[in-house]
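S.K.: Sequence:
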Amino acid sequence: MKKTLFLSTVISFAVICSCQKQDSAAEAQLAQRKTELDVREESVIQREKAVEEKGEGSSRKGKSPGEQPHNSVAASGARRGAGRS
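Throughout the sequence shown, residue numbering follows numbering that gives the first Met the number 0, covering 0 to 84 in sequence.
Not one of these hints is a red herring.
Quick list of the computed label-pair ranges, beta carbon to beta carbon:
1. T3 / A30: 33 to 43 Å
2. V38 / L4: 47 to 57 Å
3. I15 / I44: 39 to 49 Å
4. A27 / E47: 26 to 36 Å
Keep in mind that the hints were calculated from the coordinates and are not lab data.
No residue lacks a Cβ here, since even glycine has one placed at the ideal position from N, Cα and C.
All chains should be built: construct the whole structure from the sequences, respecting the hints.
M.R.: Rendered as structure tokens:
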């Protein structure tokens, strides 16, 4: 009788310890993923700020909102075509 009680107690203790170990590993993995996610979010925020600053910098150079961008490919093609005639 004592052996059965002792054996069941040891098995119960082993199960509880193994569950706690798995929980600790899962918590550590979760913490690592959260840290990686925070780093990625910060990187995205910095990229967005850089794009916004770049956009503000180009608008300060005197371009009006309705101004068309200069197409250098079309202009160079027109020059080449004019010389062949």
